[in-house]
Amino acid sequence: AQSVTQLGSHVSVSEGALVLLRCNYSSSVPPYLFWYVQYPNQGLQLLLKYTSAATLVKGINGFEAEFKKSETSFHLTKPSAHMSDAAEYFCAVSDDFGNEKLTFGTGTRLTIIP
Amino acid sequence: NAGVTQTPKFQVLKTGQSMTLQCAQDMNHEYMSWYRQDPGMGLRLIHYSVGAGITDQGEVPNGYNVSRSTTEDFPLRLLSAAPSQTSVYFCASGEERDEKLFFGSGTQLSVL
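Quick note, the sequences are listed as chains U and A, same order. Residues in the first sequence are numbered from 1 upward in steps of one, following the working numbering. Residues in the second sequence are numbered from 115 upward in steps of one, following the working numbering.
Any given hint could turn out to be false.
Cβ-to-Cβ under 7 Å is the rule here; a few derived chain U residues that face chain A [said to hold, decoys possible]:
#1 ASN24
#2 GLY43
#3 LEU44
#4 LEU46
#5 SER94
#6 ASP96
#7 PHE104
#8 GLY105
#9 THR106
#10 GLY107
Heads up, simulated SDA-like pairs for lysine to any residue below, C-alpha to C-alpha not over 20 Å straight-line [to be verified]:
#11 U:LYS68 with U:THR55
#12 A:LYS214 with U:GLY59
#13 U:LYS68 with U:SER3
#14 A:LYS214 with U:GLN45
#15 U:LYS101 with A:ASP187
#16 U:LYS101 with A:GLY167
#17 U:LYS58 with U:ARG22
#18 U:LYS101 with A:GLU144
#19 U:LYS58 with U:PRO79
Label-pair distances were calculated between CB atoms; the ranges are [stated by the list, open to error]:
#20 A:ILE168 with U:SER80: 41 to 47 Å
#21 A:ASN176 with U:TYR39: 39 to 45 Å
#22 A:SER132 with U:ILE113: 31 to 37 Å
#23 U:HIS10 with A:ASN179: 33 to 39 Å
#24 A:SER183 with U:PRO79: 44 to 50 Å
Rather than coming from a laboratory, the hints here were simulated on the basis of the structure. Just so you know, even glycine gets a beta-carbon here, dropped at the ideal spot from N, CA and C.
Throw the hints in and build the complete structure from the sequences for me.
Rendered as structure tokens:
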């Protein structure tokens, strides 16, 4: 079964600093990878998704992620953190194109320091 | 366009009680699912449905029942609540053959 591992359950960065949230996948076949964001007291919403069209994927709110097969990674980055980025971020994987049955990681809570 | 609507937002049950968490979507999505979210464990899939009349089990189905009589509704039933079912429950829906899920705002359930 597909799985993802998120390193670091809590990450704190200063406002304006680089955001880096880590996700590694475990898959013997090309995976379909996603990042979702959960703001306080809300459901999750899709930030971006990788479906093999391009290794660098741009998402909403200035976030992007790079698929690196050699490192089995799909880390999420943003060049300059904003206070509104404070949320919990989940990496997820699907084992097939068009398969909505996603497996989520354990999440990383991002705190922005003023 | 309301999206995915979950009711209630909060619920407290006693051990052994039963209840139904409601989920409705107005986007005509064929796929619907239920997840539970627990600290340090992320979201885990309970049950899912790929269309009216079709349901299947996810990763943690024990203690939960579902049915899908219409495209719009996908209720989750707890037959005999246990403290281990204390969690935040999310309903999600998606278009056929599209991995993007739309989530409801969640139901916070406490079982005493």
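Status of the hints after comparison with the structure:
{"no.": "1", "hint": "ASN24", "result": "14 Å, violated"}
{"no.": "2", "hint": "GLY43", "result": "3 Å, holds"}
{"no.": "3", "hint": "LEU44", "result": "5 Å, holds"}
{"no.": "4", "hint": "LEU46", "result": "5 Å, holds"}
{"no.": "5", "hint": "SER94", "result": "5 Å, holds"}
{"no.": "6", "hint": "ASP96", "result": "9 Å, violated"}
{"no.": "7", "hint": "PHE104", "result": "4 Å, holds"}
{"no.": "8", "hint": "GLY105", "result": "5 Å, holds"}
{"no.": "9", "hint": "THR106", "result": "4 Å, holds"}
{"no.": "10", "hint": "GLY107", "result": "5 Å, holds"}
{"no.": "11", "hint": "U:LYS68 with U:THR55", "result": "7 Å, holds"}
{"no.": "12", "hint": "A:LYS214 with U:GLY59", "result": "13 Å, holds"}
{"no.": "13", "hint": "U:LYS68 with U:SER3", "result": "16 Å, holds"}
{"no.": "14", "hint": "A:LYS214 with U:GLN45", "result": "9 Å, holds"}
{"no.": "15", "hint": "U:LYS101 with A:ASP187", "result": "18 Å, holds"}
{"no.": "16", "hint": "U:LYS101 with A:GLY167", "result": "18 Å, holds"}
{"no.": "17", "hint": "U:LYS58 with U:ARG22", "result": "16 Å, holds"}
{"no.": "18", "hint": "U:LYS101 with A:GLU144", "result": "13 Å, holds"}
{"no.": "19", "hint": "U:LYS58 with U:PRO79", "result": "12 Å, holds"}
{"no.": "20", "hint": "A:ILE168 with U:SER80: 41 to 47 Å", "result": "46 Å, holds"}
{"no.": "21", "hint": "A:ASN176 with U:TYR39: 39 to 45 Å", "result": "31 Å, violated"}
{"no.": "22", "hint": "A:SER132 with U:ILE113: 31 to 37 Å", "result": "46 Å, violated"}
{"no.": "23", "hint": "U:HIS10 with A:ASN179: 33 to 39 Å", "result": "36 Å, holds"}
{"no.": "24", "hint": "A:SER183 with U:PRO79: 44 to 50 Å", "result": "48 Å, holds"}
In this structure, the earlier hints numbered 1, 6, 21 and 22 are contradicted, and the remaining ones agree with it.
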